Amino acid sequence: MLPNFNYVRPSSLADAVRQLSTPNARVHAGGTDLLGCLRDGVFAADTLVSLSAIEELRGIRPSLDGGLAIGAMTTLSEVAADPRVADRYPVLSRAVAAAASPQLRNQGTIGGNICQRPRCWYYRADFHCARKGGEKCYAAEGENQFHCIFGGEVCFYVHPSDVAPALVALEALVRISGPAGARSVSAETFFVPPSKDYTRETVLGPGEIVTEVVLPAQPRGTRGSYRKVRARGAWDFALAGAAVVATLTDGRVTRARIVLSGVAPIPWRVPAAERVLVGQRLSAKSAARAAATAVEGAQPLAQNAYKVEMLRGAVEEALAALL
Amino acid sequence: MGHDHDDGKGGCPHGVSRRGFFTAVGAGAIGAATLGRAQAPAAAPAASAGEPTKVTLHVNGRAHTILAEPRWTLLFVLREQLGLTGTKVGCERGECGACTVLLDGVPRYACMTLAFEAVGREITTLEGLMVGEQLGPVQQAFLAEDAYQCGYCTPGQIMAAEGLLRTNAEPSLAQIRTGMSGNLCRCGAYAHIFKAVKRGSELKKAGR
Amino acid sequence: MKTPELYFINEAVPDTALPQVKPEPWAATRVVGTAQPRVDGYERMSGTAVYPSDLVLPDMLHAAVLRCPHAHARVRRVDASAAAGMPGVRSVITGDAAAADLRWNYGRNVFTKLFDPHCRFEGEAVAAVAAETPQQAWDALRAISVDYEVLPFVVDERRALDVGAPALHEGGNRVGDVERYERGDVTKGFAAADKVVELEFRTAAEIHTPMELHGCVARWDGPRLTIWESTQGVYPVQQRVAGVLEMPLANVRVIGSYMGGGFGSKLQADKYNIVAAVLARLTARPVKLFLTREETFLCVGNRPPANMRLKAGARKDGTLTALEMTCTGTGGAYPAGGTSLVDWLVRDLYACPNVHTELTDVYINGGPSRPFRAPGHPQGAWALEQTIDALADAIGMDAIELRLKNVPTVSQTREGRPPYTTTGLTRCLTEGAKAFGWRDAKRHPKGDGPVKRGVGAAACLWVAGSGGPPSTVIVKLFADGSANLNMGASDIGTGTKTVMAMVVAEELGVALDKIQIENADTATTEYATASGGSKTVPTESPAVRDAALAVKRQLFDLAADELKVPASELAIDGEDVVSKKDQKVRKKIAELAGFRRRGVLVGVGTRGPNPENKVVNPFAAQFCEVEVDTRTGEVRVLRFLSAHDSGRVMNPLTFESQVIGGVTMGIGLALTEQRVFDRQTGKVVNRNWHDYKIPTAMDVPADITSLPVAPPDDEANTTGTKGLGEPVTIPTAAAVANAVHDAIGIRVTESPISPMRLVALLTEKRAGR
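In order, the protein sequence lines correspond to chains A, F and H.
Residue 385 is where the first sequence starts when you use my numbering, and the numbers rise one by one after that.
Residue 1070 is where the second sequence starts when you use my numbering, and the numbers rise one by one after that.
Residue 65 is where the third sequence starts when you use my numbering, and the numbers rise one by one after that.
Note that these hints are calculated values from the structure, not bench results.
All values reported here derive from a predicted model rather than from experimental measurement.
It is possible that part of the hints are untrue.
Claimed, not checked - Residues from chain A shown here face chain F by an in silico Cβ test under 7 Å; the list is partial:
(1) T416
(2) S436
(3) S485
(4) N490
(5) P603
(6) A618
Virtual Cβ for every residue (Gly too), placed ideally from N, Cα, C.
My request is simple: use the sequences and hints to build the entire structure.
Encoded structure:
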């Protein structure tokens, strides 16, 4: 059962930012992650500030540089159904379609999706873990089959989003509004690894709201794909996955972005694997070499060594889909 | 009782069922329902924790003005305040789909939707698919294909199917699977559910 | 062991009278055997069916239970003072309350208090609240502070007997003695074998998680208590509640006309029934108490995990020479049949002269088990049917052929080796294999790329599934020819009500839409055992037939006068009574003057005994095809075929529903489901439907074929039926595992075959380890 909270639904962004400055106020976007956290007592909220009445946060429009700007309150279904996204950013439309369930995609927003809290089963239950201010990460020595093989430090969760790796692969920009005005950060720097700060997942400061995600125009010859491996056919987070984008000129890769899902506390870019591809023809062979490079340096926990090979397979298949 | 129902018949359809159950509705409800369409965007109330606040919800083509608290989910209001128990409780955490309703024609989990968030939206529940006393086409299809066993997830399955068919009148098997992948059925009726969605599509086309 | 046919019934059951006549088996049927949509389909499709969780009574309160958050703890002190004063709170009860001073029997002779200070599993009840709204009840629970002494725990049944493992009960962690079974001499049997294989297996614990939550509404009227319960059996709930509250049975009425799934977890009363009744009494108001989804993962049952070692020997010609099984399992923190029936298939599925089994049941700090769709059998099938496959490989014989070599005609375990009324196993295997295209599928290339295809099969019988007495039903025929059927049994989603209405329609010619059914109410319907064990149709349908025949006899007596034809020469033809000798001599039932004066004919029917010295068991064989992505470990089930000897098919439509449901649930055991304990705290970490993964629409094939192969079993009972609901899920997981082995040559002995496990095994294989 949900505990008590106050509720406001401002109709302007400015008002929302103002309302967020009240003590222990939280943003309600689609609500799918927030209400679960409140129900499970992961954190409490005195006031929910709903963004659902703010029209300017909704919809997909062309951006000035020829890309697309997606309002933070645009639902995942709306993103998936947009022909411009499907045509120019297939990595994103596939990632969106792989997320959650149809109903959650109808409700969950792109802004909310990249602000999800960790899905670690200790964090979400009544364990007073490090991220919640406790003494230790229970996953480190516990049931860590779904935890990270890259980037773990103090806390070992994996970033739950399928959308986020796609955005990082596309070099998207995240626009933010807050008490100090508006700012933009690259999707790649939006997420905070535990090595920097294990109590937060994003760079959002107090009172800040994600307002828009901007997809830059992609060079001609750019292809993209997303491969997600999960334990169940739907409604499940990635065990391992890869968002890949590659630009091909005259049959050779001139630019590649490979970003992993399900294996690290943030969308995990693997520049070394990208470098393997650049200058090469895209082939089963080069895909396999890039995949092998992508898993280098993995540090599995006691129960998730399987992720290394699974990830290799996922990267290989994601790249193979570009052929 | 504070509610009219679309069939216009006297009495409350949830009064006494043929199985001897008794139900009463509307413990926290005020005012009479009126016919009307949702007007978007409606100003949702700023409401204090635990404070009953007046809101109007548009359910199955009728406006219901009730007193609700901020933490009340649409699921709780539909079942406990409006007596619309066709919408089922399975998990209250967005993980089963038994509470699926349509918001502006689109399937959503009522358990993960605050009632306040549904203000200004057209809400359709299982009861809203009935054509008077007759089952609607998707309901008929589920019955004919035996696309259920215990029947508890079925209202949510039907609503998900209805939502799918409203955006895709003739879905392929793959599209049906994906469209129905947000609704668990522990009895495992999926294979029949796929058939029912197909039949529902045909019945809808035929205007049944 | 207990009579297998009634394996889950703990309370006394009444004897019922013998039927007055033993009718001939149906020669030809008009309604029975045709595909009929459910008679209660309208209610379920329209939303007018009021399930117990839908019920709202005037002035009703909402209750919630505070549960122990530790795997093992002792409650030192509960402070509920803050909770008691919170808004809307009407009653708070803790272990100190006089009203809660009640004894709860956890099986065998183990009793605890309702709120016992010694909490032996996470989720044990500690206190409860009733409030005006469910939200207020939960607010109050959060305000109760409990001082726990946290105790050492053991949650791994493989460690429960280790030296130094914390003991749950005085006398240690063994639940009784090791259960041993022996026939012949396995040492000699293995010596006589050309090939012997030995494998170790494990199946993970599964949670039932029916869609409707467990719970009830309780209301008192003076000394009388009514409970609306989501249950598979109203009578067992009545008996337990009356026993705990020391009330007359007649004063405890349990109603469960609709229910949203149980799979064995709703065969019995639970502590929450008592809590709801006590809170309703204390507040003098009706109380609704439904568990949350998370609670249902902790304290209302599970399929116990099984650790099995199986050794099998055969001669080159496929003759089985010996089978040996040991199993360690656990029913959780209390005696709950942790290894119950795990070895039954090893003992009885195949003809084998030398069999030895040993079952060790231990306590762990986990929620008590409950029967879960074919207790013990899917676990046993996982081990046996994979071992048989391995044995077939070892002797170079087709796996179906090997099974066919060893089909038994008698129950080898039961005393006197009684014969089966029918052993449909041969037909299931041969006709199933043919319809599936087994030979061709086996020869089908596995695939050159990283995705491999394979096929697998597995077979089973189900220890129960005969049904049997007691059961009483009443059929009333009204003067206009419409009928009412009154029976105590629950329809748990299998279509019981529909099948029973079809029996009435068959005998009395009443259209299905003119039959009203009352069921599952201890006050107004007749005694029935709980619906479970695949026994509801074979138990109830003969009783319904008997009741309908009793009505028919009375009707013919009345008609005989009016038509001047001896009663013995009359028949029913549509809505008419007709002379068998002269079809022109007929009259509408509704126009019989004598009947109109009588107004209603009442027939009481009972279930007669099963055949003496014979065993009635259903048999099945399943076949499937899978695809394995060897890079990622993902398994896709492409198609399934399920061949059944379950006697007469009463309604092919609901029969097929059972088949696809059982296969779907079995795919969960095979691929996705497992309860996970945290090794550091003993707490369950996957207590919701995201972390505990049951199959979705994406995880099952659309192509599931139901193939009934056997004729009616006329020796079994007067409708020729045998159980179905269990056999449909017993061999499924094993068939998937065999198909995975066929595809990639890896035998996955531990469930589930998740991508995590499979990719690890594939990696090992590639590394040549």
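Hint-by-hint comparison with the structure:
| no. | hint | verdict |
| --- | --- | --- |
| 1 | T416 | holds, 5 Å |
| 2 | S436 | holds, 6 Å |
| 3 | S485 | holds, 3 Å |
| 4 | N490 | holds, 5 Å |
| 5 | P603 | violated, 31 Å |
| 6 | A618 | holds, 4 Å |
In terms of the numbered hints stated before, the structure departs from hint 5 and from no other.
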